[in-house]
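Trainee: Counting with this note's numbering, you get residues 27 to 506 for the letters of the sequence shown.
The set of hints was computed from the structure by calculation and includes no laboratory data. In this text the structure is predicted, and so the values were computed from the model without any measurement. Please note: incorrect hints may appear among the correct ones.
[Claimed, not checked] For lysine to aspartate or glutamate, the following EDC-like pairs were computed, each having C-alpha atoms within a straight-line distance of at most 16 Å:
no., residue 1, residue 2
1, Lys163, Asp412
2, Lys136, Glu125
3, Lys163, Asp432
4, Lys163, Glu402
5, Lys280, Asp374
6, Lys473, Glu207
7, Lys136, Glu402
8, Lys136, Asp168
9, Lys280, Glu260
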Amino acid sequence: MPDRSKPLQQARHDVKVGSGRVVASLLGGMTLVVGSLLGFAWRFVDGVATSVSTHPARELTQVSSPIISARHFPQTLSDDVRINSVRRRLVGVANALPESSCLSVNVEGKLLVDVNPTVSLVPASNMKLVVAYAALKTLGADYTFNTSARATLDGSTVLGDLFIVGGGDPLLVTADYPSREFFPTFNQTRIEDLVDAIASRGITTITGSVVGDESRYDTERYSPNLGLGIRGTEVGPLGALMVSDGTLATSPIKPDQPALAAATEITRLLNERGIAVGGPPKIGAAAADVGEIASVVSQPLRNVIAEMLTNSDNNTAELLLKEIGFSANQSGTRESGIAAVNSVLVADGLTIDGFVMADGSGLDRTNRVTCRLLMEILGSDNGFGDIGNGLSVLGKVGTLRDVLMDSPAAGRMYAKTGTLTDVKTLSGFTRYTDTLAAHFTLPLNGKGVSNQGVYRPIWAALASALASVSDTPSAAQIAP
């Protein structure tokens with residue numbers, strides 16, 4: 027009897043690829059004596075060469091079509107080699123998830139894992155990803171914030187009050203303020219630049235007061251659901267004119283009225299430049315006929331968003347939400363901003379089922395997002411756009427600077443963190459070439475998940491799995 031198992035044995039050794047030494051066989055059109063079809067099996071072994079185990083060879087009648095090497099399908103095989111090992115690692119991550127959680131990972135358009143994608147969860151600061159997306163869509167990446175000085179001049183004298191009109195710039199700070207922060211503000215606008223521009227007009231005297239004008243937005247200082255322990259420490263008080271997050275260089279106590287604090291700081295800076303101010307700092311609105319004498323302009327919105335995402339800047343997120351509302355609906359309120367954000371998501375065809383927005387920072391525990399929505403937002407950026415470039419970097423920069431510093435993903439994972447009691451979130455990208463990045467989202471909800479001993483092993487396993495994504499072997503390396 028002829029040995030008809032030889033074609034099968036030969037096919038087992040057709041393909042050996044790269045360091046993975048992939049062995050595969052593809053058999054076509056073989057009719058079994060017993061009437062069953064002998065299929066094909068793929069097996070992938072990382073790091074060592076090995077043969078593929080198959081069912082025992084059976085006596086074949088005839089081969090109705092020739093045996094085809096898997097190398098004639100190089101792109102398919104390349105994708106399988108590169109991605110299947112990552113998928114296997116991610117299964118372990120998915121199995122370790124707390125019940126009230128979701129996990130989605132996408133590599134080159136392939137959804138490798140998608141656990142609870144439509145479950146509505148508390149996002150914490152991952153809400154800032156939604157704000158960033160809506161701000162870029164509504165305002166544009168080159169949008170800037172203008173803070174102006176308005177007054178009536180008579181030679182070197184300001185007759186009456188000097189109005190400082192806030193334009194919602196969330197990164198307007200004094201030069202020394204970043205040195206006082208745990209996560210220093212960057213891409214900032216220096217209020218000293220505005221004061222210097224005023225002084226350059228030759229002004230020596232202001233007969234009235236420095237007046238802070240915050241009329242661009244409403245005077246809701248905090249999202250109404252926030253507890254007293256969060257107000258003033260983690261966010262706010264908010265206003266269209268804020269300098270150094272509403273703090274004073276001369277006092278550890280943050281005033282309740284940010285525009286008054288700004289007027290106080292500017293009065294101090296004017297005095298330091300030899301300009302006499304006749305009255306105390308005040309709050310008010312400039313009349314329409316009072317002309318602009320100086321201004322300072324922020325960096326482009328993409329840079330403001332980078333600071334918000336990298337440092338998880340709550341004030342920036344809340345002010346951006348109000349600016350979105352002002353631009354879309356001519357109303358600088360939280361509610362107007364939320365309405366505008368929802369309109370943007372709907373217009374762009376994103377999934378809003380399960381999405382509830384109560385604020386911009388994510389501090390409000392009534393916020394809800396789904397993995398599906400976050401993945402759609404991340405997928406629109408691909409890891410190298412204004413959102414991807416603005417994220418903190420594992421083991422290097424921002425809120426992830428001291429996290430998993432020895433991970434193989436350190437320096438390659440760009441992500442947004444989020445933390446509340448019993449909430450821990452991580453969403454972003456892992457870059458594996460200069461143009462390719464996997465994107466993922468991992469919101470964890472549940473008792474104790476914000477404890478490092480619970481979430482950190484899950485983060486570490488996810489980072490390790492994503493660090494194994496590679497662009498090799500390529501189809502060109504596999505093709506015959």
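Trainee: Hey, Lys280 versus Glu260, does the alpha-carbon distance stay inside 16 Å?
Mentor: Holds, at about 12 Å.
Trainee: Taken at face value, is the distance from the CA of Glu402 to the CA of Lys163 at most 16 Å?
Mentor: Given that 16 Å is the threshold and the Cα spacing comes to 14 Å, the pair holds.
Trainee: CA of Lys136 to CA of Glu125, is that 16 Å or under?
Mentor: violated (24 Å)
Trainee: Is the Cα-Cα distance between Lys136 and Asp168 16 Å or less?
Mentor: Cα-Cα ~32 Å, so violated.
Trainee: Are the Cα atoms of Lys163 and Asp412 separated by 16 Å or less?
Mentor: holds (11 Å)
Trainee: Would you check the hint for Lys473 and Glu207, treating anything up to 16 Å between C-alpha atoms as holding?
Mentor: It is violated: about 30 Å lies between the C-alpha atoms, which goes past 16 Å.
Trainee: CA of Lys280 to CA of Asp374, is that 16 Å or under?
Mentor: violated (40 Å)
Trainee: Can the restraint linking Lys136 and Glu402 be considered satisfied, given a maximum Cα separation of 16 Å?
Mentor: holds (13 Å)
Trainee: Check the hint pairing Lys163 with Asp432 against an upper bound of 16 Å on the C-alpha distance.
Mentor: Violated, at roughly 36 Å.
Hint violations for this structure: numbers 2, 3, 5, 6, 8, all remaining hints satisfied.
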